[in-house]
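From first to last, the protein sequence lines stand for chains U and H. Quick note, the first sequence lines up with residues 1 to 350 if you use my numbering. Quick note, the second sequence lines up with residues 1001 to 1264 if you use my numbering.
Don't read these hints as lab results, they were simulated from the structure. Do not rely on the hints blindly, as some may be mistaken.
Claimed, not checked - Here are some of the chain U residues that sit facing chain H, going by a computed Cβ distance under 8 Å: (1) 18; (2) 20; (3) 22; (4) 210; (5) 294.
Stated by the list, open to error - Below 16 Å or equal to it, Euclidean Cα-Cα: the simulated EDC-like pairs (lysine to aspartate or glutamate) are: (6) H:1188 <-> H:1055; (7) H:1188 <-> H:1209; (8) H:1092 <-> U:307; (9) U:123 <-> H:1209; (10) H:1092 <-> U:208.
What the hints assert, rightly or not - Computed beta-carbon distance windows for the label pairs: (11) U:113 <-> H:1061: 32 to 42 Å; (12) U:194 <-> H:1121: 51 to 61 Å; (13) H:1054 <-> U:125: 12 to 22 Å; (14) U:187 <-> H:1024: 33 to 43 Å; (15) H:1121 <-> U:219: 29 to 39 Å; (16) H:1013 <-> U:6: 35 to 45 Å; (17) U:280 <-> H:1136: 27 to 37 Å; (18) U:187 <-> H:1013: 25 to 35 Å; (19) U:280 <-> H:1134: 50 to 60 Å; (20) H:1216 <-> U:219: 50 to 60 Å; (21) U:307 <-> H:1136: 14 to 24 Å; (22) H:1174 <-> U:187: 16 to 26 Å; (23) U:348 <-> H:1199: 23 to 33 Å.
Glycine is no exception: its CB is placed at the ideal position from the N, C-alpha and C atoms.
What follows is each chain in one-letter form.
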Amino acid sequence: MRPTGIWFSSYAAEARILETRRARAWLGLLSAGLVCLPLLTGPWLLGEMTNLFITMIAVCGLYVTVGMAGQINIAQSAFVGVGAFTAAKLSGLGAPIWAVIPAAALITGAVSVLFALPAARVKGFYLALTTLAAQVMFPIVILALPMSWLGGLVGLPVSPPSLFGIGLGTPSGLYFLGLAFAVLAVWTTYNLPRSRVGRAFRAVHDNDSVAGVMGIPVTRIKIAAFFAGALYAGVAGAILAYLLQFVTVSSFTLFASVWYLGMLIVGGLHSPLGPVLGVIFVTLVQEGLHSAGNAILQSGSGLGGGEVFAASSVVLGLCILAALIFEPRGLAHLWTQTMTAFRLWPFPRN
Amino acid sequence: MLTLANVDAVYGGVIQVLRSANLEVRDGQMVALLGANGAGKTTTLKAISGLLHADHGSVTVGRIVLDGQDITHADPSDIVKAGVVQVLEGRKVLEHLTVHQNLMVGAHLRRDRAAVKSDLERVCDYFPALPELLNRTAGYLSGGEMQMVLIGRAIMARPRLLILDEPSMGLAPILTQQLFDTIARIKKEEGLTVLMVEQNARAAIERCDYGYIMERGRIVLHGSRQSLEGNQDVQEFYLGMGAGDERVSYRDIKHYRRRKRWLG
Chain U
1 MRPTGIWFSS YAAEARILET RRARAWLGLL SAGLVCLPLL TGPWLLGEMT
51 NLFITMIAVC GLYVTVGMAG QINIAQSAFV GVGAFTAAKL SGLGAPIWAV
101 IPAAALITGA VSVLFALPAA RVKGFYLALT TLAAQVMFPI VILALPMSWL
151 GGLVGLPVSP PSLFGIGLGT PSGLYFLGLA FAVLAVWTTY NLPRSRVGRA
201 FRAVHDNDSV AGVMGIPVTR IKIAAFFAGA LYAGVAGAIL AYLLQFVTVS
251 SFTLFASVWY LGMLIVGGLH SPLGPVLGVI FVTLVQEGLH SAGNAILQSG
301 SGLGGGEVFA ASSVVLGLCI LAALIFEPRG LAHLWTQTMT AFRLWPFPRN
Chain H
1001 MLTLANVDAV YGGVIQVLRS ANLEVRDGQM VALLGANGAG KTTTLKAISG
1051 LLHADHGSVT VGRIVLDGQD ITHADPSDIV KAGVVQVLEG RKVLEHLTVH
1101 QNLMVGAHLR RDRAAVKSDL ERVCDYFPAL PELLNRTAGY LSGGEMQMVL
1151 IGRAIMARPR LLILDEPSMG LAPILTQQLF DTIARIKKEE GLTVLMVEQN
1201 ARAAIERCDY GYIMERGRIV LHGSRQSLEG NQDVQEFYLG MGAGDERVSY
1251 RDIKHYRRRK RWLG
């Protein structure tokens, strides 16, 4: 809800995502910064940023399935894998990037529907188990298929992408590819809840028998939620394939799926801002701990790599626990509260 | 318009709730379905809306026919498409959505945007308290406000037959009066047919054209408003009046129950 004192006189203004001129100015500044980043930094940061964008796309997809439609999904990493392998295979066959990414999205969507068909009929823990099955089956299926199809245990190489003769294989090229799709992903996640289908997703989340009596085909909507989430995963997978230039099953683990969920929960399940903030926060903490660990290892304190790695995992876990205890509704809620307090200053928020 | 013919409904394959229920709703009527708790009223409504599956129930015998079309085992969304919209019992708003989004969910099956918009304005006209609440999260509304949202949401689907399950549940008597007046107004202005389950027997009988009384899964009595009002059993057991129009002492209820004519 908006604090008192903010109102609009036209429907268009009311419906805008960025309500105030100040918000739009900040967004403009942020996008200018993101566009200029490749000029200012080296390939390491660009690679990290591209990774962050890819994760953000995947978690946006998870937000659609889990946050909006309430269908728990712990196979997002497998879906990203499906997208990556599709992209690797198609680009190996000589398909151009503008065909590879949509195809990867659609094929991942189709695979997710295969799992959603039984999953849409069960709820809660049972649904979690069904998607877990998808996650577990993914490497088994890839390894069982003939080597010539998807590379088996070895994996598949991916040739660097190019669009209209411009090579995108450079760090900055991949950075812009990731950025463009991350913007698209965030923009669609912001707009989806405002659409008819988005309302149906949220209605099914809140109460599926009510959704049923309002004429919403519940099973179909649940399957559609999986399909939509997997579209994002497919795009994320395709870009990841281009970034890594080599895909193997070992990149798409249950661990990664759980991390995606963790990022979404830390960010906030009830706002499209959740996946954005969650991914940024968790990645920052992860990277910070990573470099701190490296510094400790190199300082000659006598600690072994195993101990530092274990300690950094524990600290990461504690950070997430703290975030959840102090802000169970996620960073997105904290953000809204801060913004409200800022708008109302010097008056108290409540 | 709607006919239930010898409908049996069973939950979980073992618990039989409806036993050969027969019911007819004619075009433009307000039909009340009365009965004690556990008589099978809600089950009847759920059978009509196709919602029994959610509770592991099903219609085992009989047919439910809407305008000559068999809807006994149809999908809930197809039944809504056919024009039957139910307002569920209790305050089943979509609590994480705003009031406006709740109302728009009601219009899910409709593609005519302009008409949806004018319907939204009409709903706000029926319930003058709603415009103020449009941007509020529905889960934080009071009970009376939620009931308005629910009925408004049902109207947004442009039903031909509106099914209300205990609309007055948990509302203060004055609110109940207002709500029933609004329902009567909506029925008249939208040309609706209404089927209503209600515990508030007096208010329901006063306003209905035709009433059914259910007991233990069976329709035990039915008739027009006048015949129900004049029926001695209805007076005794639902309106709390003795034969001589004076109130019955509840101590004697057991004795009266044994005398129920329709069970004999």
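Outcome of the hint check:
| no. | hint | verdict |
| --- | --- | --- |
| 1 | 18 | violated, 17 Å |
| 2 | 20 | violated, 17 Å |
| 3 | 22 | violated, 21 Å |
| 4 | 210 | holds, 5 Å |
| 5 | 294 | violated, 43 Å |
| 6 | H:1188 <-> H:1055 | violated, 34 Å |
| 7 | H:1188 <-> H:1209 | holds, 13 Å |
| 8 | H:1092 <-> U:307 | violated, 53 Å |
| 9 | U:123 <-> H:1209 | violated, 42 Å |
| 10 | H:1092 <-> U:208 | holds, 10 Å |
| 11 | U:113 <-> H:1061: 32 to 42 Å | holds, 36 Å |
| 12 | U:194 <-> H:1121: 51 to 61 Å | violated, 20 Å |
| 13 | H:1054 <-> U:125: 12 to 22 Å | holds, 18 Å |
| 14 | U:187 <-> H:1024: 33 to 43 Å | violated, 53 Å |
| 15 | H:1121 <-> U:219: 29 to 39 Å | holds, 33 Å |
| 16 | H:1013 <-> U:6: 35 to 45 Å | violated, 56 Å |
| 17 | U:280 <-> H:1136: 27 to 37 Å | holds, 31 Å |
| 18 | U:187 <-> H:1013: 25 to 35 Å | violated, 49 Å |
| 19 | U:280 <-> H:1134: 50 to 60 Å | violated, 33 Å |
| 20 | H:1216 <-> U:219: 50 to 60 Å | violated, 34 Å |
| 21 | U:307 <-> H:1136: 14 to 24 Å | violated, 53 Å |
| 22 | H:1174 <-> U:187: 16 to 26 Å | violated, 49 Å |
| 23 | U:348 <-> H:1199: 23 to 33 Å | violated, 45 Å |
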